[in-house]
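Join the two chains, each given in its own frame, into one complex according to the hints.
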Amino acid sequence: MRVHDFVMPVGPQSPAIKEPILLKVCLEGEEVQKVRMVTGYTHRGIEYLLEGKNPDQALYVASRVCGICSITHERAYVRTVENILGYDAPERVKAIRTVLFELERMQSHLLWAGFMMHEIGLETLFNYFWREREKVLDCFEKITGGRVHHNINKIRTLRYDMEEEDPEFILQQVRSVARKTRDYYNDCMKEEVVVSRLKNVGTIPKSMALEWGLTGPIARASGVRIDTRKIDPYDWYSRIDFEMAAGKRGDALERLKVRLTEVMESARIVERVLSGLPDEKIPPHSLSRVEGEGHARVEAPRGELFYYLRFKNNRVERAKIRTPSFSYMKILEELLPGMVVGDVPVIVASLDPCFSCLERVLVEKNGRVEELREKEFRRKYSCPG
Amino acid sequence: MKELLKDNRLIAIVCDDMGEEFRLRYYFDGKDHNIFFKELRVPKESPVVESLAEEFPPADFYEREIHDFYGVEFEGNKNLHLKLFLPEDWKGKPPMRRDESA
Numbered sequence: 000m001r002v003h004d005f006v007m008p009v010g011p012q013s014p015a016i017k018e019p020i021l022l023k024v025c026l027e028g029e030e031v032q033k034v035r036m037v038t039g040y041t042h043r044g045i046e047y048l049l050e051g052k053n054p055d056q057a058l059y060v061a062s063r064v065c066g067i068c069s070i071t072h073e074r075a076y077v078r079t080v081e082n083i084l085g086y087d088a089p090e091r092v093k094a095i096r097t098v099l100f101e102l103e104r105m106q107s108h109l110l111w112a113g114f115m116m117h118e119i120g121l122e123t124l125f126n127y128f129w130r131e132r133e134k135v136l137d138c139f140e141k142i143t144g145g146r147v148h149h150n151i152n153k154i155r156t157l158r159y160d161m162e163e164e165d166p167e168f169i170l171q172q173v174r175s176v177a178r179k180t181r182d183y184y185n186d187c188m189k190e191e192v193v194v195s196r197l198k199n200v201g202t203i204p205k206s207m208a209l210e211w212g213l214t215g216p217i218a219r220a221s222g223v224r225i226d227t228r229k230i231d232p233y234d235w236y237s238r239i240d241f242e243m244a245a246g247k248r249g250d251a252l253e254r255l256k257v258r259l260t261e262v263m264e265s266a267r268i269v270e271r272v273l274s275g276l277p278d279e280k281i282p283p284h285s286l287s288r289v290e291g292e293g294h295a296r297v298e299a300p301r302g303e304l305f306y307y308l309r310f311k312n313n314r315v316e317r318a319k320i321r322t323p324s325f326s327y328m329k330i331l332e333e334l335l336p337g338m339v340v341g342d343v344p345v346i347v348a349s350l351d352p353c354f355s356c357l358e359r360v361l362v363e364k365n366g367r368v369e370e371l372r373e374k375e376f377r378r379k380y381s382c383p384g
Numbered sequence: 000m001k002e003l004l005k006d007n008r009l010i011a012i013v014c015d016d017m018g019e020e021f022r023l024r025y026y027f028d029g030k031d032h033n034i035f036f037k038e039l040r041v042p043k044e045s046p047v048v049e050s051l052a053e054e055f056p057p058a059d060f061y062e063r064e065i066h067d068f069y070g071v072e073f074e075g076n077k078n079l080h081l082k083l084f085l086p087e088d089w090k091g092k093p094p095m096r097r098d099e100s101a
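Chains A and B, in that order, are what the protein sequence lines are.
In terms of numbering that gives the first Met the number 0, the first sequence has 212 at position 213, counting the first letter as 1, and numbering is strictly consecutive.
In terms of numbering that gives the first Met the number 0, the second sequence has 6 at position 7, counting the first letter as 1, and numbering is strictly consecutive.
Here chain B stands alone, though its shape is the one from the complex (with noise of 0.2 Å):
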């Protein structure tokens, strides 16, 4: 993913809960502004995923954002434990996964 952000854009992360398993999906403006999306799939029991928040500084929300809803840890990421939108507080489980801890 690091590679592919030296010639692109990134414009969003998407990330869906699947059942078994986290879709990721890097959504990218390319060299001719053609969009295209690069997927990642992690396992919920351990979502780990590399963090892109020191090549592209605006990752840094996106990625907090996952991580609130969703409980996507982002190796390399500092700001994580500041909540971006839930509030400071928050002790429940992640809001938007799709299972009975939600």
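Isolated chain A, as found in the complex (with noise of 0.2 Å):
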């Protein structure tokens, strides 16, 4: 029996997909015809809570948009307010915010890699991912004293300077994990079962990306060369040389290939700050009073992170943040069209078509919508079970 065009409900919560949004796959057979995002499920209002907080209020609120990138955040936030005053912080608060800023990239990163192996089925090297996150994470809590929310930047200054054995401390972890990320990547590349679940899987060319505006990881995988630490300089990125990576095909296998090498990077980018650590204080925090409006962007993890802010009477009047995942969400809708179900979790990463989901579906039929419980689509439908 053929089943006709339907229309397959996958999350907002499955055992399958981890991300509280809702995908409507239309099915043709084993081919996805046509893709619907619904999401709406993790909404927090969080532009509308921070209307009315003062600036220092404000901080903690944005700093805890993402449970992953924290850090990214609160830089991003800080650097609109620091724009508005137009205040230059001191070289030693600049260098620890670069480095606080690449750790929140590697664990990102590798957070992200582990997932993916995850979701192709290969454990092993999930844990031996997360286990290299772990050592970042560790640097974090002993710079910071949080593993998750750091708050540690301030306006004009850092919460917490650091310690005199910090240093040698993040270095021997950075090194370390950057020694296994190269392994795991000589591994990734050479394991056919990544190689063939992951090449010309999901692939955006180079003329797409310019074309939706892609920033981030995956622009850089499919060849466009834009990171906003190279053309919209802050903190140390414009006194430290390092490259940025690049790929060509922009597969899944690309980006697998262009996060690893930004990790190791990232490694390298620290290491050299930190053995130019100025040896200064940093200034005293004190609250701050911001009038007037101000815009900035930083590189996330995931690509540009844009903050408008506008302040009036000390209190934020209105507030807007625009993530990376927000401006490239949609090119979901083009890309699983005309893939196979069993490549849609890895262009999601996280999605994984459930047969558990079937507990209803909507039948589509000449234009015609229907809805079904499971037990009547099976009986109209004649399917066994």
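I should point out that these hints are in silico values taken from the structure, not numbers from a laboratory.
A few of these clues could be false.
[As the list claims (entries may be wrong)] In silico DSSO-like cross-links for lysine-lysine, where the CA-CA straight-line distance does not exceed 27 Å: (1) A:Lys229 - B:Lys30; (2) A:Lys319 - B:Lys77; (3) A:Lys153 - A:Lys311; (4) A:Lys319 - B:Lys30; (5) A:Lys311 - B:Lys43; (6) A:Lys319 - B:Lys5; (7) A:Lys205 - B:Lys1; (8) B:Lys1 - A:Lys329; (9) A:Lys153 - A:Lys52; (10) B:Lys30 - A:Lys205; (11) A:Lys229 - B:Lys37; (12) A:Lys319 - B:Lys82; (13) B:Lys37 - A:Lys311; (14) B:Lys5 - A:Lys329; (15) A:Lys33 - B:Lys82; (16) A:Lys329 - B:Lys92; (17) A:Lys329 - B:Lys82; (18) A:Lys229 - B:Lys5; (19) B:Lys30 - A:Lys329; (20) A:Lys23 - B:Lys90; (21) B:Lys92 - A:Lys311; (22) B:Lys90 - A:Lys319; (23) B:Lys37 - A:Lys329; (24) B:Lys82 - A:Lys23.
Here is the structure:
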């Protein structure tokens, strides 16, 4: 029996997909015809929450936008406020911020790499990647006291300075992570399972990447040379020479390559910054008075993160956060059609077609939509089971 | 605005309720990677703006978000009726407006 076009809902709560997002996948046999994304399950109204807070309070809300890139959001917020104030931080503050920023990129990419391996069934590599990530989290714990949320950036300064023995510890951890990542990188490229599951899957050609205005590792994997750290440098990125990872094909394998290369490059950046860490006191923290409006962007692990803030009477009047994912999420609707169901989890990375999800299906035939419970569907379309 | 999209990348659209009107700011990443913005002001009674979703696909999400929270209509965006962040059965007024209707 041939099952006609049917819409399979995947998510928002499903054992196969970890992110609270609903993808309505229209299938014709194995082939994906159309995908519609339904979002809004984790909308917390952060922009509204920020309104009415003073600059120092709002910083804590901003850092909680994301659980993986907490430092990035703090940094973007602080950069925006410092832009409004026209303030240039002391060199030591800038150096420590650069170190934290790169550590964040390392842990985020390693988390992603582990997740990717999990999705294609390589649980051992998943554990290996996450073991390395633990080392980066230890560095965070040492510097900031927190493993997930750090709250270390302050307007004009940092909450804590680094201890004398911290650089040694970080260097040791980071070197070990880079060494292991190189090993896993080589293993991945040789491993047939990884290559065959990722190569030529979810390909974004360069022209499409440009048309969609992509940023971050996804754009770089397609051969678009764009990196906010290069084009709009902040902290020590203008002082430090670093390589921008670049790919060509723009498929999932290339994205894995680019992200792992960036982990190793970030380790090198951390090493370089720590070797030239200026020996000076960081300014004490004081409450800020901010008026006016401003914007800033930073290079988050996923791409360009943009902040707009307007203050009135020392309170946030309007905040706008454009996260990197928000600008490229829609590309899924373009990428998935034409692929087989088996490739969907690789492209979405966190999505697995799980047929226990077939609790309810929407049948679309000749433009008419009928909604059926599972039993009715089985009876009508004589599915065995 | 469509002219600007040819050479520049749209970063974000920031909508703001200024009392009598909405202020829409289009932030662009220029040719030599400088950020600049173009401002658009539309009256609150009939907030209609031209859509950029055809020329620049990610703008679809930006516009739907603003439509959800401020009720601005983007002419030419076919997905505007689909709620992006608000629940699909949302009956109330756009929640980010700064007046009694919100």
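For each hint, the structure was consulted:
Our distance criterion of 27 Å between C-alpha atoms is met by lysine 229 (chain A) and lysine 30 (chain B), whose separation comes to about 14 Å. Under the criterion of a C-alpha separation no larger than 27 Å, the hint pairing lysine 319 (chain A) with lysine 77 (chain B) is consistent with the structure, at around 24 Å. Between lysine 153 (chain A) and lysine 311 (chain A) the alpha-carbon distance is near 20 Å, which keeps this suggested pair within the 27 Å criterion. With a CA separation close to 24 Å, the supplied pair lysine 319 (chain A) and lysine 30 (chain B) stays within the 27 Å bound.
Distance check on the hinted pair: lysine 311 (chain A) and lysine 43 (chain B) sit about 22 Å apart at the alpha-carbon level, within 27 Å; holds. A hinted pair counts as satisfied when its Cα atoms are at most 27 Å apart, and lysine 319 (chain A) with lysine 5 (chain B) qualifies at roughly 25 Å. Distance hint between lysine 205 (chain A) and lysine 1 (chain B) is fulfilled; the C-alpha atoms sit about 22 Å from each other, no more than 27 Å. In summary, the hint linking lysine 1 (chain B) to lysine 329 (chain A) is supported, as the alpha carbons are separated by about 20 Å, within the 27 Å threshold.
This hinted pair checks out: lysine 153 (chain A) and lysine 52 (chain A) have alpha carbons roughly 15 Å apart, not beyond 27 Å. Pair hint lysine 30 (chain B) plus lysine 205 (chain A) holds up; C-alpha atoms about 18 Å apart against a cutoff of 27 Å. The straight-line distance between the Cα atoms of lysine 229 (chain A) and lysine 37 (chain B) is roughly 24 Å, inside the 27 Å bound, and the hint therefore holds. Taken as a hint, the lysine 319 (chain A) and lysine 82 (chain B) pair is honoured in the structure, with Cα atoms around 19 Å apart against an allowance of 27 Å.
Taking the CA atoms of lysine 37 (chain B) and lysine 311 (chain A), the gap is near 22 Å; set against the 27 Å cutoff, the hint holds. Simply put, lysine 5 (chain B) and lysine 329 (chain A) have alpha-carbon atoms about 20 Å apart, close enough for the 27 Å limit, and the pair holds. Distance check on the hinted pair: lysine 33 (chain A) and lysine 82 (chain B) sit about 18 Å apart at the alpha-carbon level, within 27 Å; holds. Of the supplied pair hints, the one linking lysine 329 (chain A) and lysine 92 (chain B) holds, its CA atoms being roughly 26 Å apart against a limit of 27 Å.
Between the alpha carbons of lysine 329 (chain A) and lysine 82 (chain B) the distance comes to roughly 14 Å, so the proposed pair stays at or under 27 Å and holds. Taken as a hint, the lysine 229 (chain A) and lysine 5 (chain B) pair is honoured in the structure, with Cα atoms around 23 Å apart against an allowance of 27 Å. Of the supplied pair hints, the one linking lysine 30 (chain B) and lysine 329 (chain A) holds, its CA atoms being roughly 24 Å apart against a limit of 27 Å. For a cut-off of 27 Å, the pair hint linking lysine 23 (chain A) to lysine 90 (chain B) stands: about 23 Å separates their Cα positions.
Annotation: proposed proximity of lysine 92 (chain B) to lysine 311 (chain A) holds, straight-line Cα distance about 25 Å (limit 27 Å). With a C-alpha separation of about 24 Å, the suggested pairing of lysine 90 (chain B) with lysine 319 (chain A) holds against the 27 Å cut-off. A C-alpha spacing of about 24 Å is found between lysine 37 (chain B) and lysine 329 (chain A), which places the hinted pair at or below 27 Å, so the restraint holds. Between lysine 82 (chain B) and lysine 23 (chain A) the CA atoms are separated by roughly 15 Å; this keeps the pair inside 27 Å, and the hint holds.
Of the numbered hints given earlier, the model fails none.
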